[in-house]
Amino acid sequence: TQLLEQSPQFLSIQEGENLTVYCNSSSVFSSLQWYRQEPGEGPVLLVTVVTGGEVKKLKRLTFQFGDARKDSSLHITAAQPGDTGLYLCAGAPDSWGKLQFGAGTQVVVTP
Amino acid sequence: DAGVTQSPTHLIKTRGQQVTLRCSPISGHKSVSWYQQVLGQGPQFIFQYYEKEERGRGNFPDRFSARQFPNYSSELNVNALLLGDSALYLCASSLPRGSGNEKLFFGSGTQLSVL
Chain H
1 TQLLEQSPQF LSIQEGENLT VYCNSSSVFS SLQWYRQEPG EGPVLLVTVV
51 TGGEVKKLKR LTFQFGDARK DSSLHITAAQ PGDTGLYLCA GAPDSWGKLQ
101 FGAGTQVVVT P
Chain Y
1 DAGVTQSPTH LIKTRGQQVT LRCSPISGHK SVSWYQQVLG QGPQFIFQYY
51 EKEERGRGNF PDRFSARQFP NYSSELNVNA LLLGDSALYL CASSLPRGSG
101 NEKLFFGSGT QLSVL
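Chains as they are written, first to last, in our numbering: chain H, 1 to 111; chain Y, 1 to 115.
These aren't lab readings, by the way, just hints derived from the structure by calculation.
Mixed in with the good hints there might be a few duds.
[What the hints assert, rightly or not] Below, simulated EDC-like cross-link-like pairs (lysine to aspartate or glutamate); rule was C-alpha separation at most 20 Å, straight line:
1) H:Lys98 x Y:Glu53
2) H:Lys98 x Y:Asp62
3) Y:Lys103 x H:Glu54
4) H:Lys56 x H:Asp71
Take these sequences, add in the hints, and give me the full structure.
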């Protein structure tokens, strides 16, 4: 089983600050996905990274896939209260229907 | 278009009882997956169904079973409930592998509490 470890477990910052969330594995993944989950809701896909070294930007969110495809990071610039949520990384051994999730990083952005 | 719908939204059961959770996928999606999310953890894969056949099973006991109907909706059954089965049960639907658009869409889940 390929395990995904996320760090930190919890992050509390003020509005306007930057933050980085990490997702690491001892195994190689063909691709990784990042999700955000809000209380009482299911996870919502933010991005899929496929190529080693790939960088994708989604407004103030920057996603990076490690060269060896064993790790990924999510960087949020000038965080806003609307960025509050549980950020999950996930990989799929053979099918996107059978995702393996990390434990998540709970991000709280206060005004 | 409606998203993935799950029912009920909340459920309270006692140990030893049985429960059935329901999921309706997005129209046109033929693949349905079930996940269990215990508080403070990420979702854990339980089952995947495609075209009414089981295509994958996670590391869960035989007390967990599922099926998919001709209209692609799905049910998850859990027998002999244990306290540890208390969790948010998530259903997700997607277009099949190889379709070029395998994005997973999750429902809001069913919160199951076992007392």
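Output the indices of the hints that this structure fails to meet, ascending. Hints that this structure does not satisfy do not exist here, as all of them hold.
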